[in-house]
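Those sequence lines, one after another, are chains A and B.
For the first sequence, my numbering begins at 1 and goes up steadily by one.
For the second sequence, my numbering begins at 1 and goes up steadily by one.
Keep in mind that the hints were calculated from the coordinates and are not lab data.
What you are looking at is a predicted structure, and each value in this text was computed from that prediction instead of being measured.
Keep in mind that a hint or two might mislead.
Unchecked claim - Derived DSSO-like pairs (lysine-lysine); straight-line CA-CA distance at most 27 Å:
no.	chain 1	residue 1	chain 2	residue 2
1	B	56	A	7
2	A	58	B	101
3	A	55	B	102
4	B	63	A	40
5	B	63	A	58
6	A	21	B	109
7	A	40	B	10
8	A	55	B	56
9	B	102	A	58
10	B	109	A	55
11	A	7	B	54
12	B	10	A	55
13	B	54	A	28
14	A	21	A	55
15	B	56	A	40
16	A	80	A	28
17	A	40	B	54
18	B	109	A	7
19	A	55	B	101
20	B	63	A	55
21	A	40	B	109
22	B	109	A	20
23	A	7	B	63
Residue strings, one per chain:
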Amino acid sequence: MIVADRKSLEEILAMVENNKKILILGCKGCVTVCNVGGLKEVEILASSIRIARKKSGKDIDIDINVLERQCDREYVAGIKDTVGDYEAVISLACGVGPQFLSEMYTDQTFYPGVNTTFFGGATEHGVWEERCAGCGTCAIHLFGGLCPVARCAKSLLHGPCGGSSDGRCEVNKDTECIWDTIVRKKMEQGRLEDLMGVRGPKDWQTARDGGPRRSIREELIQGNI
Amino acid sequence: MRLSYPAAVKIIQVPCTGRVDILHLLNSIEDGADGVYVAGCLEGECHYRDGNLKAKRKVEYVKRILTELGIEPDRVQMYNLSSAQGARFAEIAAEMVETVKKLGPTPVKKGTAA
Numbered sequence: 001m002i003v004a005d006r007k008s009l010e011e012i013l014a015m016v017e018n019n020k021k022i023l024i025l026g027c028k029g030c031v032t033v034c035n036v037g038g039l040k041e042v043e044i045l046a047s048s049i050r051i052a053r054k055k056s057g058k059d060i061d062i063d064i065n066v067l068e069r070q071c072d073r074e075y076v077a078g079i080k081d082t083v084g085d086y087e088a089v090i091s092l093a094c095g096v097g098p099q100f101l102s103e104m105y106t107d108q109t110f111y112p113g114v115n116t117t118f119f120g121g122a123t124e125h126g127v128w129e130e131r132c133a134g135c136g137t138c139a140i141h142l143f144g145g146l147c148p149v150a151r152c153a154k155s156l157l158h159g160p161c162g163g164s165s166d167g168r169c170e171v172n173k174d175t176e177c178i179w180d181t182i183v184r185k186k187m188e189q190g191r192l193e194d195l196m197g198v199r200g201p202k203d204w205q206t207a208r209d210g211g212p213r214r215s216i217r218e219e220l221i222q223g224n225i
Numbered sequence: 001m002r003l004s005y006p007a008a009v010k011i012i013q014v015p016c017t018g019r020v021d022i023l024h025l026l027n028s029i030e031d032g033a034d035g036v037y038v039a040g041c042l043e044g045e046c047h048y049r050d051g052n053l054k055a056k057r058k059v060e061y062v063k064r065i066l067t068e069l070g071i072e073p074d075r076v077q078m079y080n081l082s083s084a085q086g087a088r089f090a091e092i093a094a095e096m097v098e099t100v101k102k103l104g105p106t107p108v109k110k111g112t113a114a
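In isolation and in its complexed conformation, chain A is listed as follows:
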């Protein structure tokens, strides 16, 4: 899923400082799963903003709503009759949400209430870790099912580097050296030779280096399936 962290209340309060009527819009997709932009978080943020504004003696009227997804126009269109009632909208979706909203409702101001961080998963309750860099050319099967593009600080395809120490990365001692793990796994499997070959340069054009990406599925466009 896409993982995000909520922005500080200070930052969010500054965004809507001059607004008297706002909408806080959550998303039932990834941000609900990572507990940052679902109904509960929307309600908590609304209450927190109301407390802050009552404290400063400046009224604010806050409505809340949670869309099925903010990354699909059919759901974003669901607020077309009411979106104009507000001076501003805080979106608690990932970075895609405020953009889809801004593209559809050009006169409205949409503030991002979260910082979108990475593609990952929960390793324990309350802890999320990056697993995918969205490089566009998946090759995790070549590395024992572990992605060095996302999980090595240098995205090395041949590793580990000299900064690996006791299975930890020199960039951050809390980060495992994924190449250490890859090599150990291959040794345990008796397939270390899988890592002995020299790989050609990775084509980064499918990653962000090729500019903003687009995925086109002709069969869906034609409506055949």
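Using the hints provided, position chain B relative to the given structure of chain A.
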């Protein structure tokens, strides 16, 4: 026992403090309560396993929010006591009222809601 406790305390009963939500605490502050506390069972004695520990974490979370908003976190507290400790219940009520009195009235002003 006919123990008395401060009249300033309004009791809201729940089957277990595990039922207490972050929003219950926040909404109390939002609606102008000077303070709010959760009185749960003793740690390790929850009849529903860990409801009081969940409540404790929620209280801590609300304290963090209040701190972010520049409001004294001590306005929200978690206490643990057994249902057989009537005297302790009265003592806690007095303690909380005293804490809140020292902090003064809530900075969240009533009647300013839109």
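Cross-check of the supplied hints:
1. The suggested pairing of residue 56 (chain B) with residue 7 (chain A) holds, with an alpha-carbon distance near 24 Å, which does not exceed 27 Å.
2. Taken as a hint, the residue 58 (chain A) and residue 101 (chain B) pair is honoured in the structure, with Cα atoms around 25 Å apart against an allowance of 27 Å.
3. Restraint check for residue 55 (chain A) and residue 102 (chain B): the C-alpha separation of about 19 Å stays at or below 27 Å, so the hint holds.
4. Distance hint between residue 63 (chain B) and residue 40 (chain A) is fulfilled; the C-alpha atoms sit about 17 Å from each other, no more than 27 Å.
5. Distance restraint check for residue 63 (chain B) and residue 58 (chain A): the Cα-Cα separation of roughly 23 Å lies within the 27 Å cut-off, and the hinted pair is therefore satisfied.
6. In summary, the hint linking residue 21 (chain A) to residue 109 (chain B) is supported, as the alpha carbons are separated by about 19 Å, within the 27 Å threshold.
7. Among the hinted pairs, residue 40 (chain A) with residue 10 (chain B) is consistent with the structure: their alpha-carbon atoms are about 26 Å apart, no more than 27 Å.
8. Among the hinted pairs, residue 55 (chain A) with residue 56 (chain B) is consistent with the structure: their alpha-carbon atoms are about 25 Å apart, no more than 27 Å.
9. Simply put, residue 102 (chain B) and residue 58 (chain A) have alpha-carbon atoms about 26 Å apart, close enough for the 27 Å limit, and the pair holds.
10. For the proposed pair residue 109 (chain B) and residue 55 (chain A), the alpha carbon gap of about 6 Å is at most 27 Å, so the pair holds.
11. Of the pairs offered as hints, the one joining residue 7 (chain A) and residue 54 (chain B) holds, with about 24 Å between alpha carbons and a cut-off of 27 Å not exceeded.
12. Restraint check for residue 10 (chain B) and residue 55 (chain A): satisfied, since their Cα atoms lie roughly 23 Å apart, inside the 27 Å limit.
13. Taking the CA atoms of residue 54 (chain B) and residue 28 (chain A), the gap is about 24 Å. The hint holds against a cut of 27 Å.
14. Pair hint residue 21 (chain A) plus residue 55 (chain A) holds up; C-alpha atoms about 17 Å apart against a cutoff of 27 Å.
15. The hinted pair formed by residue 56 (chain B) and residue 40 (chain A) meets the criterion: a straight-line CA distance of about 18 Å does not exceed 27 Å.
16. A threshold of 27 Å between alpha carbons decides the hint, and for residue 80 (chain A) with residue 28 (chain A) the separation of about 18 Å falls inside it, so the pair holds.
17. A hinted pair counts as satisfied when its Cα atoms are at most 27 Å apart, and residue 40 (chain A) with residue 54 (chain B) qualifies at roughly 16 Å.
18. A hinted pair counts as satisfied when its Cα atoms are at most 27 Å apart, and residue 109 (chain B) with residue 7 (chain A) qualifies at roughly 25 Å.
19. For the given pair, residue 55 (chain A) sits about 18 Å from residue 101 (chain B) by alpha-carbon distance, which is consistent with the 27 Å threshold.
20. As the CA atoms of residue 63 (chain B) and residue 55 (chain A) are separated by approximately 16 Å, the hinted pair is consistent with the 27 Å bound.
21. Using a Cα cut-off of 27 Å, the hinted pair residue 40 (chain A) and residue 109 (chain B) holds, with the two alpha carbons roughly 25 Å apart.
22. With a C-alpha separation of about 17 Å, the suggested pairing of residue 109 (chain B) with residue 20 (chain A) holds against the 27 Å cut-off.
23. Annotation: proposed proximity of residue 7 (chain A) to residue 63 (chain B) holds, straight-line Cα distance about 17 Å (limit 27 Å).
Violated hints are absent here; each numbered hint is respected by the structure.
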